[in-house]
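Please take these sequences and the hints and turn them into a complete structure.
Protein chains in written order, with the numbering used here: chain A, 1 to 330; chain B, 331 to 1029.
What the hints contain is simulated information worked out from the structure, not anything from laboratory work.
Hints may be right or wrong, so weigh each one.
Just so you have them, the derived chain A footprint on chain B, three or more residues with Cβ under 8 Å [claimed, not checked]:
| no. | segment |
| --- | --- |
| 1 | 952 to 960 |
| 2 | 997 to 1005 |
Per label pair, the in silico range of CB-to-CB distance [claimed, not checked]:
| no. | chain 1 | residue 1 | chain 2 | residue 2 | range |
| --- | --- | --- | --- | --- | --- |
| 3 | A | D24 | B | P467 | 46 to 54 Å |
| 4 | A | E133 | B | N404 | 25 to 33 Å |
| 5 | A | G323 | B | D452 | 55 to 63 Å |
| 6 | B | A955 | A | T61 | 29 to 37 Å |
| 7 | B | A955 | A | P219 | 31 to 39 Å |
| 8 | B | D468 | A | T195 | 43 to 51 Å |
| 9 | A | G323 | B | D741 | 22 to 30 Å |
We put the CB at the ideal spot given by N, CA and C, even for glycine.
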Amino acid sequence: MRAFRYQRPADVAEAVALLDAEPDAAYLGGGTNLVDLMKLGVQRPDLLVDVTGLPLDTVDTLPDGGLRVGATVRNSDLAAHPAVRRDHPLLSRALLAGASGQLRNMATTAGNLLQRTRCVYFQDTGKACNKREPGTGCAARHGQNRDLAILGWSEFCVATHPSDLAVALVALDAVLEVYDPGGAREIPVAELHRTPGEQPERETNLPRGALITAVRVPPLPFARRCTYLKARDRATFAFAVGSVAAALDLDGDTVRDVRLAYGAVAHRPWRAYRAEEALRGRPFTAELAARAADAELAAARPLPHNGFKVALIRNLTVRALTGLAAAVPR
Amino acid sequence: MSAPPVGAVGREHPRLEGRDKVTGAARYAVEYPVDDVTYGWAVPAMATRGRITRIDAAPALAVPGVLAVLHHGNAPRLTPGVDQTLFLLQEPTVHYRGEFVAVVVADTIEAAREGARLVRIDYDAEPHSTVLTEHHPDLYRPDTVNPGYPPDTADGDFDAGYAAAEVRVDATYRTPAYHNNPMEPHATTAHWRDGRLLAHDSTQGSTPVQATLAQLFGLPPEAVRVIAEHVGGGFGSKGAPKAPVVLAALAARHVDRPVRLALTRQQLFGPIGYRTPTIQRVRLGADADGRIEAVCHDAISQTSTVHEFAEQTAVYTRSMYAGRHRRTTHRLVRLDVPTPFWMRAPGECPGAYALESALDELATACGVDPVELRVRNDVTVDPDSGQPFSSRNLVACLREGARRFGWADRDPTPGARHDGRWLIGTGVAGSSYPARARAAAAAATAAPDGTFEVRINATDIGTGARTALWQVAADALAVPADRVTIRVGDSDLPAAGVAGGSMGTASWSWAVIRACEQLRQRLRDGVVPAEGLTVEVSTADEIRGQRPLARYAYGAHFAQVRVDADTGEVRLDRMLGMFAAGRVVNPTTARSQLIGGMTMGLSMALHEEGLLDERYGDWVNHDLATYHVSVCADVERIEAYWLPEEDPELNPAGVKGIGEIGIVGSAAAVANAVHHATGVRVRDLPIRLDKLLEHLPAR
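Printed below as a string of structure tokens:
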């Protein structure tokens, strides 16, 4: 592997300055993905800026009832945090559905959001991948693509984003606090990841050199009426084949509000706005939930090996929402 | 044979080296401290078939710390004709993608890896064929299948018997490529000193590694020493010398310094072998009560262009159940792929998946309980050889396993049990594995202080073999076990065969017991001299003189699964294995072997699958994140039991071997349970959620 330098900045400004000064630098969080990719030669930074020593490791309850999660809070700590479990259990559920205990002990909040696709072609430098090497083609498009996208893909890339946490954060309208050479700014998590288009190598809308410093989760009155359902190929320690994050608010039988997001279906966590729209203001039934899922999935374009994901996501949507509807006190 | 004295054998005992392993004190192949050591990194071919036309090592050599780039143009010469899979860095030919075509040697492992990335290799690529199909134009009948069986057998008139049968099953089952993933990869530290080669190798048997290295490098065997004191798993894939030991030895000779070379996880997917994909057609003809009249098992598998490896997939069917009219066939095709190799119960494991699944289909077709169906088709002599069995307790395993599992109340109707959105089902399968032994030598030494040392080049690949042999030795010497020391895992010790074929303990304990018995006899004649008293024995003559009998271990697997009606996800509720495998030396490690095999069968049924990309000709999911192996959460409740079995026709310890019987049939039990749960018969493993989802009712 390429020899690299390693630095531990004292504060956010120094971290951003270090990265900005070096064209091939990368931030290092828990390293659970980046270090693997470095060994494989997929990523070859010559400077690692370790941000885990920065004072970004607390979870704070905000005056409005929301949460502010520091970028370097470890996944295990976030999942176990009493305020998270009480006010935003969807985050705990999504986190605990992912990876293994050891990995969650290492992985950070921001690192989780910025992890790379597990598309096998991306991870193998012997195979064509526009994301890894722009212009080489997408071997997955006509290769082994069972685990890959059904929504929002392009001929350039059919990868999916692997995070469970990101799906929950998108459902909850979370906002990133970001620091870059131009100063501080905010970006909704839903706008962090891109669809691949013609530039799958550009995965996020973060400005160059930007460092995520925190994730803010706004209060949601019905946040506790939530679920995260994840279908996977073994009982644990597997990326989603398909996942659904849902929260539901009923007024009697009528859907007052709903949050719905899908994982493992696209290059970014997929907020199901069309399905939400089809649900809001209508009397809840299982049939309505199915029609809502159909409305969202009408845009799906399955690849040769993953047509089943449409039925899978539809079934998970119905199960998630009917379960929440049954659990909500009328 | 007299029963051994009451002593160590049969008692639970933790592994002797367990503490060293969990504290990190146990050393594995590339962990030995070595002065002036260097690191080797294997470079895989990026062509699928063809020839190397040019190698440019300059960019690699420019990396600081890189010492050498070995390839066919500059590597030391090996003796041809020894083992073509080990004839490495000798020719420009590329037989498959991922074949090792160069080695970079450097002062650090990072520099070696970076150098490997930078070696520029040009190929003259040729068209390739990498996909096994039943219609492949190059299918052929091998002369023999492993380890020497005839490829085809026939008895009676299958076609007529099948045509006349009241009930017929005709089903084709498919298994994908499965990849062995021991925790410790294949790895070697090699040193040359004064023309002698010392290798610390991760292998299932250092005696054959020593012999092969001697032949490859043109040395007398005594000039080669191979040590494998601790081995982090093998499952068959380390049952013969593999590329790392040859590459490390070549590299160490070239740079004249010790070389450590370990394969990466990704490199385990191919060059070290894998379980061949299979396509198996099974036909069963039976009467209305499920008594089999005709059975035919046609198996197709693949080999490489390097070496013929003919998996004995249909051999299981030759001896397992009744049927007057019998036929088995094996066909192979040479593809541009790595050579398949042993993976836990090669042949028996995939073959039993197919036959035990077909029996389940027959039970359904006849309306006969699948346990009862197997009992009805028990045999008293081996249908293949006509020989009597040394012992055969299949029916007892089925009956006792059914009792412990709670099978009696089972409703045979598929798709009839629900727990919310879960569909529940149970399944059963039979199991058998040959109980063989091979010749070995062992030495035993008595010291004047009343202690003993027993030496044999057995290999403990994590199974507990070292501990079992220590227990056997203590009883054979009729002394407390704490007075006995056992030494294994070094080719300087008396020669013994590999840990494979479930014959390690049977073979090694035989030699150990004979050595200990002779030593006891000698000790009766007088006192131990100051330098100690040593005897060394070989069991070659005794094993050659064994009576011709059919010797097998038997078992029965029971599984309960639940299938999520919304997602098609299959989860195991419970698995129970009942075995008859002769005497059990150490219940602690025996249970681990059995539930390990059962788990591997579960993994085969539900999780593992090498996904080949035909365009590249290799498996794209080559790591443990994308090639799923069952994890602890998949096997929350798994039980293994054994019947007391005394079989005087085996070996002095009375053992049958337990390394493989646990996997044989277990995938079928799971697959049969999935059918019982859902009514869906998935005949191509693994049973992934998408294969079920399309048959389950939509929301």
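Going through the hints against the structure:
| no. | hint | verdict |
| --- | --- | --- |
| 1 | 952 to 960 | holds (count 6) |
| 2 | 997 to 1005 | violated (count 0) |
| 3 | A:D24 / B:P467: 46 to 54 Å | 50 Å, holds |
| 4 | A:E133 / B:N404: 25 to 33 Å | 31 Å, holds |
| 5 | A:G323 / B:D452: 55 to 63 Å | 59 Å, holds |
| 6 | B:A955 / A:T61: 29 to 37 Å | 35 Å, holds |
| 7 | B:A955 / A:P219: 31 to 39 Å | 36 Å, holds |
| 8 | B:D468 / A:T195: 43 to 51 Å | 44 Å, holds |
| 9 | A:G323 / B:D741: 22 to 30 Å | 29 Å, holds |
Of the numbered hints given earlier, the model fails hint 2 alone.
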